[in-house]
Amino acid sequence: MNDVRPMIEVRGARKFFGPLEVLKGIDFSVARGQIVAVIGPSGSGKSTLLRSINHLETLDGGEVWLDGVQVNQKLDRRAFERHINRVRQQMGMVFQHFNLFPHLSVLENITIAPIKLKGMPKAEARTLALKMLDKVGLADKIDAFPARLSGGQKQRVAIARALAMQPKVMLFDEATSALDPELVDEVNLVMKQLAAEHMTMVIVTHEMRFAAEVADRVIFMADGAVVEEGKPEDLFRNPTQERTRGFLKKFLNG
Amino acid sequence: MQGLDFSIVPEYWPLIGKGLWWTVVISMASAVLSVIAGIGFALLVLYASPVVRYPLRLFMWLFMGTPLLLQLFLIYFGLVQIGIDIPAIWSGIIGLSLHFAVYNADIFRAGIASLDKGQTEAARSLGFGAWRTRFYIVVPQAVRNTVPAIGNMMIALLKESSIVSMIGIAELVHSAQLVISETYRPFEFYLTAAALYYILNLVLEAVLRGIERKVELSR
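So the sequences go chain by chain: A and B.
Using this note's numbering, the first residue of the first sequence is number 1, and each one after it goes up by one.
Using this note's numbering, the first residue of the second sequence is number 1, and each one after it goes up by one.
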């Protein structure tokens with residue numbers, strides 16, 4: 001029973017920014033261990049969709065579920081705050097601009113949440129941080145401050161920080177878009193490694209090649225709606241929708 | 001005409017030294033309290049419910065718009081009338097603290113507002129609640145970013161602390177005045193007091209530079 005329940009389920013997601021409808025009733029689900037890439041032009045709503053999964057954006061309609069628990073359930077303010085904090089601990093989020101805490105060392109960036117939110121002893125948290133840093137290949141940077149790291153290193157630390165909460169899913173919001181081209185690969189490599197470990201992931205990306213390589217399923221969005229979705233080999237080689245063909249053509253030429 | 005003669009200064013050092021001591025004590029206590037209260041005011045002005053926020057803003061606006069001297073008089077002489085008798089030394093510390101807390105609050109508020117909202121989002125996405133995010137992520141960064149501006153306020157506070165002499169606290173200026181009333185040598189003793197303020201400020205500036213350097217290292 002548990003195995004067929006989707007890890008993430010979004011039903012009829014609607015969102016307005018003022019009069020502009022940025023999500024026009026989106027449905028999609030992600031199975032346990034599945035990797036879904038979301039592609040589409042700027043302003044298609046793909047980032048908003050991702051951010052609404054962990055409630056950084058509040059939906060105006062529809063439901064979001066994580067592993068059988070409704071994320072955006074109706075509760076009074078205090079109860080919801082407690083609920084959402086619990087839910088967010090189970091979702092790792094990686095941002096375009098890394099958002100590392102500049103006043104904390106790499107170690108503290110990774111351990112602050114496990115220590116303060118889970119009550120993990122400091123020594124144990126340090127061991128965990130080392131393990132996560134090892135995973136992203138930055139164990140030697142444990143005492144560095146974020147300002148001393150390259151963009152690629154910052155993003156790898158940000159991934160380690162999210163992983164340290166041992167989340168059920170990882171959400172990537174254009175994780176490599178702010179990086180110099182030569183630093184993209186090191187971050188992609190870490191994401192591929194997570195994929196190999198069967199981490200459930202939703203990846204919003206501009207990199208078609210990477211999406212094709214890593215995703216089990218690709219969703220193409222435009223104007224706040226899902227235009228087409230399917231296996232990467234189908235969607236990239238034989239898109240059925242004119243809109244998808246246009247987008248991919250521009251990308252492959254550009 | 002009387003010539004200048006600084007040789008009489010050492011004779012009155014015990015009194016001057018005591019004044020210097022009280023200036024240091026009052027300034028340090030007020031500096032610490034004004035920073036803590038400044039952070040508290042800034043958080044309340046930004047995040048508290050309107051019932052708290054608007055009266056506080058009015059209070060801050062009144063404190064910014066009136067002279068410190070008048071505030072001290074109100075606290076020390078005025079409150080007695082409604083049965084609140086605060087000793088002079090505490091009146092001085094409370095007055096200075098509140099006066100500078102209001103300015104510090106404005107600096108911290110701007111410091112908090114200028115933080116990238118990605119910082120808050122990152123903390124929230126890890127599962128930190130709103131207040132924990134402020135406590136662990138927002139305030140520490142705002143404090144670091146505002147060290148130079150707050151430092152300037154503390155230098156001003158040290159100098160303005162001389163105003164508490166007006167409610168009879170025997171700090172540096174008041175001690176100098178006492179000595180002058182005995183010796184009739186205003187120039188020597190006011191100059192001595194001025195030199196001591198200057199030295200205190202040199203020390204304070206060195207401390208502030210040390211803090212700034214330490215903050216810079218972690219950027």
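The hints are simulated quantities; they were obtained by calculation from the structure and are not laboratory data.
Fair warning: there could be bad hints in the mix.
[Said to hold, decoys possible] Here are the computed lysine-lysine pairs in the DSBU-like style, where the Cα-Cα straight-line distance is at most 35 Å: (1) 122(A) with 159(B); (2) 131(A) with 117(B); (3) 116(A) with 135(A); (4) 116(A) with 214(B); (5) 214(B) with 122(A); (6) 24(A) with 231(A); (7) 117(B) with 192(A); (8) 24(A) with 117(B); (9) 131(A) with 214(B); (10) 18(B) with 135(A).
[Said to hold, decoys possible] If you want the footprint, here are the derived chain B segments under chain A, 3+ residues with CB under 8 Å: (11) 109-119; (12) 128-140.
Just so we're clear, the structure is a prediction, and the values are computed from it rather than from any experiment.
The beta carbon of each residue, even a glycine, is placed where N, CA and C say it ideally should be.
Now for the hints, and whether the structure bears them out:
1. 122(A) with 159(B): 44 Å, violated
2. 131(A) with 117(B): Judged against 35 Å, a Cα distance of about 29 Å means the pair holds.
3. 116(A) with 135(A): Holds, at about 23 Å.
4. 116(A) with 214(B): Judged against 35 Å, a Cα distance of about 25 Å means the pair holds.
5. 214(B) with 122(A): 24 Å, holds
6. 24(A) with 231(A): Distance of about 23 Å is within 35 Å: holds.
7. 117(B) with 192(A): 29 Å, holds
8. 24(A) with 117(B): 26 Å, holds
9. 131(A) with 214(B): At roughly 29 Å apart (the allowed maximum being 35 Å), residue 214(B) and residue 131(A) satisfy the hint.
10. 18(B) with 135(A): 62 Å, violated
11. 109-119: holds (count 3)
12. 128-140: Holds: 7 residues of the stretch 128-140 of chain B have a Cβ under 8 Å from chain A.
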